[in-house]
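Chemist: Chain residues, written in single-letter form:
2 protein chains.
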Amino acid sequence: MVKIAIDAMGGDFGPDPIVKGCIAALKRRSFEPILVGNKSEILSLLPKRYKDKILIIDTNDVISMSDAATDAVKRKDSTIYKAVELVRNGEADGIVSAGHSGATMTLATLRLGRLWGISRPALVTLMPTKTGRRSVLLDVGANVDSKPEHLAEFAIMGGCYAEDVLKIKNPSIGLLANGEESSKGNEVTKAAYKLLDGYPGFKGNVEGGDIFNGSCDVITCDGFIGNLVLKTSEGVASTISQLIKDYIRKSPIAITGALLMRKVFKLLKKEIDYAEIGGAPLIGIKGCAIVSHGKSNSKAIENAIYQAINYVDTGVNEHIIARVQELKQKES
Amino acid sequence: MVKIAIDAMGGDFGPDPIVKGCIAALKRRSFEPILVGNKSEILSLLPKRYKDKILIIDTNDVISMSDAATDAVKRKDSTIYKAVELVRNGEADGIVSAGHSGATMTLATLRLGRLWGISRPALVTLMPTKTGRRSVLLDVGANVDSKPEHLAEFAIMGGCYAEDVLKIKNPSIGLLANGEESSKGNEVTKAAYKLLDGYPGFKGNVEGGDIFNGSCDVITCDGFIGNLVLKTSEGVASTISQLIKDYIRKSPIAITGALLMRKVFKLLKKEIDYAEIGGAPLIGIKGCAIVSHGKSNSKAIENAIYQAINYVDTGVNEHIIARVQELKQKES
Numbered sequence: 001m002v003k004i005a006i007d008a009m010g011g012d013f014g015p016d017p018i019v020k021g022c023i024a025a026l027k028r029r030s031f032e033p034i035l036v037g038n039k040s041e042i043l044s045l046l047p048k049r050y051k052d053k054i055l056i057i058d059t060n061d062v063i064s065m066s067d068a069a070t071d072a073v074k075r076k077d078s079t080i081y082k083a084v085e086l087v088r089n090g091e092a093d094g095i096v097s098a099g100h101s102g103a104t105m106t107l108a109t110l111r112l113g114r115l116w117g118i119s120r121p122a123l124v125t126l127m128p129t130k131t132g133r134r135s136v137l138l139d140v141g142a143n144v145d146s147k148p149e150h151l152a153e154f155a156i157m158g159g160c161y162a163e164d165v166l167k168i169k170n171p172s173i174g175l176l177a178n179g180e181e182s183s184k185g186n187e188v189t190k191a192a193y194k195l196l197d198g199y200p201g202f203k204g205n206v207e208g209g210d211i212f213n214g215s216c217d218v219i220t221c222d223g224f225i226g227n228l229v230l231k232t233s234e235g236v237a238s239t240i241s242q243l244i245k246d247y248i249r250k251s252p253i254a255i256t257g258a259l260l261m262r263k264v265f266k267l268l269k270k271e272i273d274y275a276e277i278g279g280a281p282l283i284g285i286k287g288c289a290i291v292s293h294g295k296s297n298s299k300a301i302e303n304a305i306y307q308a309i310n311y312v313d314t315g316v317n318e319h320i321i322a323r324v325q326e327l328k329q330k331e332s
Numbered sequence: 001m002v003k004i005a006i007d008a009m010g011g012d013f014g015p016d017p018i019v020k021g022c023i024a025a026l027k028r029r030s031f032e033p034i035l036v037g038n039k040s041e042i043l044s045l046l047p048k049r050y051k052d053k054i055l056i057i058d059t060n061d062v063i064s065m066s067d068a069a070t071d072a073v074k075r076k077d078s079t080i081y082k083a084v085e086l087v088r089n090g091e092a093d094g095i096v097s098a099g100h101s102g103a104t105m106t107l108a109t110l111r112l113g114r115l116w117g118i119s120r121p122a123l124v125t126l127m128p129t130k131t132g133r134r135s136v137l138l139d140v141g142a143n144v145d146s147k148p149e150h151l152a153e154f155a156i157m158g159g160c161y162a163e164d165v166l167k168i169k170n171p172s173i174g175l176l177a178n179g180e181e182s183s184k185g186n187e188v189t190k191a192a193y194k195l196l197d198g199y200p201g202f203k204g205n206v207e208g209g210d211i212f213n214g215s216c217d218v219i220t221c222d223g224f225i226g227n228l229v230l231k232t233s234e235g236v237a238s239t240i241s242q243l244i245k246d247y248i249r250k251s252p253i254a255i256t257g258a259l260l261m262r263k264v265f266k267l268l269k270k271e272i273d274y275a276e277i278g279g280a281p282l283i284g285i286k287g288c289a290i291v292s293h294g295k296s297n298s299k300a301i302e303n304a305i306y307q308a309i310n311y312v313d314t315g316v317n318e319h320i321i322a323r324v325q326e327l328k329q330k331e332s
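Chains as they are written, first to last, in the UniProt record's numbering: chain A, 1 to 332; chain B, 1 to 332.
I should point out that these hints are in silico values taken from the structure, not numbers from a laboratory. Treat each hint with caution, since some may be false.
[Stated by the list, open to error] Label pairs and their calculated CB-CB ranges:
id : chain 1 : residue 1 : chain 2 : residue 2 : range
1  : B       : 328       : A       : 191       : 31 to 39 Å
2  : A       : 77        : B       : 255       : 57 to 65 Å
3  : A       : 252       : B       : 114       : 53 to 61 Å
4  : A       : 197       : B       : 131       : 43 to 51 Å
5  : A       : 295       : B       : 246       : 27 to 35 Å
6  : B       : 69        : A       : 329       : 35 to 43 Å
7  : B       : 263       : A       : 110       : 52 to 60 Å
[Claimed, not checked] Here are the computed lysine-lysine pairs in the BS3-like style, where the Cα-Cα straight-line distance is at most 27 Å:
id : chain 1 : residue 1 : chain 2 : residue 2
8  : A       : 147       : B       : 190
9  : A       : 245       : B       : 263
10 : B       : 184       : A       : 190
11 : A       : 269       : B       : 269
12 : A       : 245       : B       : 266
13 : A       : 266       : B       : 269
14 : B       : 76        : A       : 184
15 : B       : 130       : A       : 295
16 : A       : 184       : B       : 147
17 : A       : 263       : B       : 266
18 : B       : 270       : A       : 270
19 : A       : 184       : B       : 74
20 : B       : 194       : A       : 147
21 : A       : 270       : B       : 266
22 : A       : 263       : B       : 270
23 : B       : 39        : B       : 74
24 : A       : 130       : B       : 266
25 : A       : 130       : B       : 130
26 : A       : 147       : B       : 147
27 : B       : 130       : A       : 266
28 : A       : 147       : B       : 184
29 : B       : 263       : A       : 263
The structure presented is a predicted model; accordingly, all values stated were derived computationally and were not measured. No residue lacks a Cβ here, since even glycine has one placed at the ideal position from N, Cα and C.
Use the sequences and the hints to build the structure in full.
Modeler: Okay, structure coming up:
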């Protein structure tokens, strides 16, 4: 059975939503959770019938959001460090943490190591599209100043993720740029284009709008840019919802209208709510690490656990190693 | 009186919305329009009483969207070339074109020249925010692979634009990055941070979401990234509106609700509709060029003309020269 190590303390709201998310996941999927954190706090949140079913690794150090990610390697008693070590030692198959994302990425990369042929792991996110199917965007923040070969590796990893985890056959892969023509791009994307040209599924440059129209399954970009795209998208969605609320408040007729449209807004919220996805897998490491949002509620943690189980179950890592090998052979 | 040369033929819908936009602008502001394009076509669209009031420069060549921007310099009879020459020769103060944006930027830069101290002109756009006030984002596509000094120049030009054209006193200026801390950023933004540190109004790094929350008046970034941010924003807004429409269609109650909320959606559309802004000024050239969307309707052209008039009237170019001089003195 898949074993998932869960950082019970790292989220902004303490262990409560994390323990709840873990219990909710246990009700629907069979896996072995290992909660890492303050044992007495965790036990106080666990219903009686779960106290024997869940392994708890007792530790009190928690890396806080204000700590430097670079110090994480020294914090050997921290929840994230201990959870990563469980994977390193083969006692767990994957980790889920809503704690310090930089620390999680650093520790997972350094302690677990990179997959063969991968220079830099990447953070993956799933973006909502008009078609209802989600598009895979990576890297959304594990790296800045990516080189062309990194973008090519991200593309390959994203393709394997789409195929194995999202079950998309022959996923199309795009390179995020400032225009569709092959002449468009900056120095890095133009060179990445050449590396990816001819790779199965590669359809060339795609633009910012293509992330959401469902025309492309996988989109590769530098992490600095991916972070901006993600934060911009959240900003636009939040601004639109804020403006709608402001306008509604000013008109009784609109309030009535909004009440009748409640279900529509609920569906929309569900579509753009990150809690429905769970977290962001760090792809390219030996093992599995799901980086969850600090503000994760129990639903987000539950879904992050499913992501971890699916990631491990589908063997996406082996797939990546095989595919990267093909690309390297083509290059040489 | 301010003279504006208008490319009458370049837009996707031919001269009709452009001539209409020009007439609408004439009804509200006093300026001298010069329409550049096929004279008989333009005349056929002009109401009788305007036939003597509007100067028409007759030419038949139109640079089409599929032409290479680099060929624009050879197309001396094209509408864009002729309109730019009017500014170069002092016969007009600014140009408005909904034609080939690359050609407009190339010709305006090469034929009019750059302002003293400016290495690269930048394309400016105004983004809607939660506060109702718009934020100035630049560069949104005139350059890729910007160097730190370019980002600093964009910041200064954006600040002058906010002060003079948008009448924002002491505008705050942010550097678009993947986190607020000064340690965040890629190589280019980190170096730009150092150049801008201490510049009046500079508040450090801002994130993607800050473009829309109104916390920052001016945001500087590389044009490759600005283009992605802009296209991503349009994509999110269009996806949300599409999803709302899809959901509404499935429920009679929601349809009734949507009817009652018509005014809300209208206000929202107005807020995010680029036609309300007009076009994107190319800032940093000797003169004034407003780059309008190819799909501009008459409202967008009308607003682009106001932008051009305001740009010329406020003397923002002189302001930029003075400010850049201050920065260069600080650097040396």
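Chemist: Each hint: holds or not?
Modeler: Hints, verified against the model:
1. 328(B) with 191(A): 31 to 39 Å: 33 Å, holds
2. 77(A) with 255(B): 57 to 65 Å: 58 Å, holds
3. 252(A) with 114(B): 53 to 61 Å: Since residue 252(A) and residue 114(B) have Cβ atoms about 55 Å apart, the given range 53 to 61 Å holds.
4. 197(A) with 131(B): 43 to 51 Å: Given about 45 Å between the Cβ atoms, the range holds.
5. 295(A) with 246(B): 27 to 35 Å: Holds - the Cβ-Cβ distance for residue 295(A) and residue 246(B), about 28 Å, lies within 27 to 35 Å.
6. 69(B) with 329(A): 35 to 43 Å: Holds, at about 38 Å.
7. 263(B) with 110(A): 52 to 60 Å: 56 Å, holds
8. 147(A) with 190(B): 18 Å, holds
9. 245(A) with 263(B): Roughly 13 Å between the alpha carbons, so the hint for residue 245(A) and residue 263(B) holds.
10. 184(B) with 190(A): 25 Å, holds
11. 269(A) with 269(B): Holds, at roughly 19 Å.
12. 245(A) with 266(B): Holds - the C-alpha atoms of residue 266(B) and residue 245(A) are around 14 Å apart, at most 27 Å.
13. 266(A) with 269(B): 21 Å, holds
14. 76(B) with 184(A): Between residue 76(B) and residue 184(A) the Cα gap is close to 25 Å, so the pair holds against 27 Å.
15. 130(B) with 295(A): 22 Å, holds
16. 184(A) with 147(B): 18 Å, holds
17. 263(A) with 266(B): 21 Å, holds
18. 270(B) with 270(A): Status holds; Cα separation ~26 Å.
19. 184(A) with 74(B): OK: residue 184(A) and residue 74(B) at ~22 Å, within 27 Å.
20. 194(B) with 147(A): Roughly 24 Å separates the two Cα atoms, so the pair holds.
21. 270(A) with 266(B): 24 Å, holds
22. 263(A) with 270(B): 25 Å, holds
23. 39(B) with 74(B): 22 Å, holds
24. 130(A) with 266(B): 21 Å, holds
25. 130(A) with 130(B): It holds: about 24 Å lies between the C-alpha atoms, which stays within 27 Å.
26. 147(A) with 147(B): 17 Å, holds
27. 130(B) with 266(A): Holds, because 21 Å separates the two Cα atoms, which is no more than 27 Å.
28. 147(A) with 184(B): Satisfied, since the Cα-Cα distance of roughly 18 Å is no more than 27 Å.
29. 263(B) with 263(A): With Cα atoms ~19 Å apart, residue 263(B) and residue 263(A) stay inside 27 Å; holds.
Of the numbered hints listed earlier, not one is contradicted by the structure.
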